[in-house]
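Student: Chains as they are written, first to last, in my numbering: chain H, 1 to 288; chain R, 289 to 927.
Be aware that a few hints might be false.
Here's a subset of chain H near chain R, in silico, CB distances under 10 angstroms, partners left out [stated by the list, open to error]:
hint: 1; residue: Ser-114
hint: 2; residue: Leu-121
hint: 3; residue: Thr-199
To list a few chain R residues with every Cβ distance to chain H over 12 angstroms, as calculated [to be verified]:
hint: 4; residue: Gly-439
hint: 5; residue: Pro-814
hint: 6; residue: Phe-880
Calculated from the structure, these hints are not laboratory results.
All C-beta atoms, glycine included, are put in the ideal place defined by N, C-alpha and C.
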Amino acid sequence: MIDILIRVIIFLVAAPILGGLLDGLDRIISARMQGRIGPPLLQPFYDVSKLFQKQTIAVSKSQSLLIQMFFFTQIFTGCLFMAGFDIMLCFFILSTGATFLVFAGAVTHSPYSSMGASRELLQMLSYEPAILMTCLGFYLAAGTFKVEELVLSDYSLIVYLPGFFVAYVFSLTIKMRKSPFDLSTSHHPHQELVKGITTEIGSRNLAFYFITEWYENIFLLGVVALFIINKNPWSILAAVIVVLLICFLETLIDNTSARMKWDKMLTLTWIVTLVSAGTNLLVLMLIK
Amino acid sequence: MDLIVSFLICFPFLVSLLMYCIRVNKVRNAIAYVSAVIIMIAVGVLVYNWASGGCVAIQLFTETESVDKVILVAEWFIMILVTVKSFMHKRAWVSLLSIVPTIMLTMLEMNGPSLVEQPHVYIDHMAVLMCIIIGLIGGLIVIYAVGYMHGYHHHHIEFEDRRYYFFMLLFIFLGAMFGFVLSDSTLWIDLFWEITSICSFLLIGYTKTDEAIENSFRALWMNLLGGCALAIGIIYQAYFLEGNMSLQALIDSGVSGAKYATIPVALIAFAALTKAAQMPFAKWLMGAMVAPTPSSALLHSATMVKAGIYVLFRLAPAMSGTMTGLMISFIGGFTFFAASVMAIAQSDGKKVLAFSTISNLGLMVACAGVGTPETLWAGIFLMIFHAISKSLLFQNMGAVENSMHSRDVEDMDGLVYRLPRLGVFMFIGIAGMFLAPFGMLISKWSALRAAVDEGNFMLVVFICFGSATTLFYWTKWMNNLISSTTSEPIKDITKKNEIISLTIHAALMIALCLIFPVLSQNYVIPLLTEIYGSATSVLPMGVLYILVIVIVAIFVVPFIVFKYANKIRTNEKLSYMNGINTGTNDAFVDAFGEEKPMTISNWYFKDFFGQRKLMVPCEVVTTVFLIIMLVRVIGGVLA
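Use the sequences and the hints to build the structure in full.
Tutor: Here it is, written out as structure tokens:
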């Protein structure tokens, strides 16, 4: 019980710091890829602390509530994950939380923000199957949904789940709202969507949004690590390396691709899910 | 016990006679209220008697010589009614679907093997659960209907006011449903089955427009086709089980692996597919939307379609691991996915609800097809949640339509501000359909898990993709409900009785979400034990309980934060429109310097997910699949 509590507290404290650092690193690497020097590593933290000092402005007051709901559910998801609960449950709550973000965009009735909300929903439609199937893959490979038991398996689960890994990393790009799948937020500036779903999220709310994103990213990368970690403690090091590699890959893809249209995104993601995760699932079902 | 069972079945029929005879609206309405309450009380008495007897399965009515004669007469009456109606509307071929099975069954009773004397009524956990759903939801729908139909005929003066007829049908329906779920004799089941088919046919055709008649006949032939399969199944059973007409006996021999049980089980399961509006037969439920809302609610949520599900749940142990089970679970899974995809392209609220009903029923059918205790656990919870939330949503849709004169989702922009009560009810209903912590999600989860355990690959894929599409069309709708608006509030003309029914539904919905671990432990697990001999919950109860509490807390905490944050001064600003705002949030300055209203609409992707594009291919695929599987199942036994 105590160790669960310690893990959760470590997550609560460390996740935003790690998430922020990864964000800063991402910005530096992106800048170098574009031939710029880029901001300091701690820039994301400066941004957020400045946002907290601004006066609160909003188009619709209820937006704050929805952002808070988004904030709490995403953090809760991470806590459940660290506490070793059911991985499927984590993703269900993550999705429920994500719908609050969609609501927060739609509640304003502002053109850009509503459009961003619709597109966010479309992104969810694209990646949900891959994520659900990934959970099932874990279950088939290890016989349990529980994270605390998954990390103690004899071999790294990626041995059984290469197809799921591909599908998951693919949908990670959508989930992190990176180009070519940044339909809902268009994080590169000067585009037709302004800032999409975050257009009307300002000041404190935007700060909360950033912090939530850090928590969320750490959780999502934690699932990547889950593919690697086994009962051998050294596997944690391997997991960290893989996670960093994936982060670099995401940054690389982000900087080298243009945004896709929604129908391409949807069909492509579903095809990748069906082909890689689906085949893997079928094979696992046959051999198990 | 005898008395209360006969009362439950006969009383609605008696009331329906009264409904037809009394032409004074006020008197009839009063009687309808009282009868609905009496039915609910009667269900309560039934539950009490059964529970005080220790919740064991009860068998009743062994000696039924005279009742059987009445039933035969009723079957002939239905046949004549169908024949007359189908000749009247120049669709004579439909009558064949009623004449053939009726004559076959009559021959069976005249010349067939002498029937074994056995109890005709079987009351167990499952039957009682169905009675509660039918009595409670059905009763509330009747209460709602009184107010709704008043408003309906106020707005639609083009239709003849035949409320006496409408209420007659509602009560016949309830009576037939009680009979259906309490009967164990397949002959009795067949009669009640036919009655519900006919009632839905008459209810759909209530307005007498061309479209209504067209749709009502579609519903009729599809359901009668199922009735034919049921009749053939019954005749098979009569010969192979040597006159034992008990459904339980059939299931037992199916479970023990008796070869001859396969055919009746497959045929009855096929019949249930038509009733539950699964894929090749899904269209009748779509057509049922032309009827006044209470009848759609009754057909969709509490009764008609649940009859099909109920039969499949009963047959589940006999289907588990067989070819029939594979057929049923595939059709169910496919329907779950395909219907939820088609729901995306719909903007008519009632049609979205219809597709979502078909889709959810698909999931329940798939659960029954897999047929393990785990999937049945999931299926039963899906059924309970679906009955309440769908009934709530349909009634609410009717009330919104009466107030707003539109049921288009696009017109519901900011409904929670414009029609607060109804908007909030709608929000609760939709949340109950797919969001955590409502049980629907948990059921989906355990269905998925059980499908993996059974190695049913296709079903796993269908559920994964279907969950995503389900999330999409519901959230899109909710977006509309909450988006802020500057339009005027609409006058809420919802009648008091409608609100009573809606409030009870919403309260039930929330209560269920809080107590479902208790319900699972104390009712559903015993139910499964009764069927399978032993059963444990898929998800450990302690964990479930903690989860419910924690998740609820997760929603409460932000609320408190929000209340606190409300005290912090918030400056309201206009939404961002590239600097061409006009001073309000719903207009902008166009290129000519003139003010133009801004509208936001949802995505429907009609060319991508449209019903027109997808329905026919889906029907072809499922029809071919069904035929091949039925041939394999039946051929496998006969060869």
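Student: Next, verify each hint and record whether it holds.
Tutor: Verification of the supplied hints:
{"no.": "1", "hint": "Ser-114", "result": "5 angstroms, holds"}
{"no.": "2", "hint": "Leu-121", "result": "6 angstroms, holds"}
{"no.": "3", "hint": "Thr-199", "result": "5 angstroms, holds"}
{"no.": "4", "hint": "Gly-439", "result": "30 angstroms, holds"}
{"no.": "5", "hint": "Pro-814", "result": "25 angstroms, holds"}
{"no.": "6", "hint": "Phe-880", "result": "19 angstroms, holds"}
Of the numbered hints given earlier, the model fails none.
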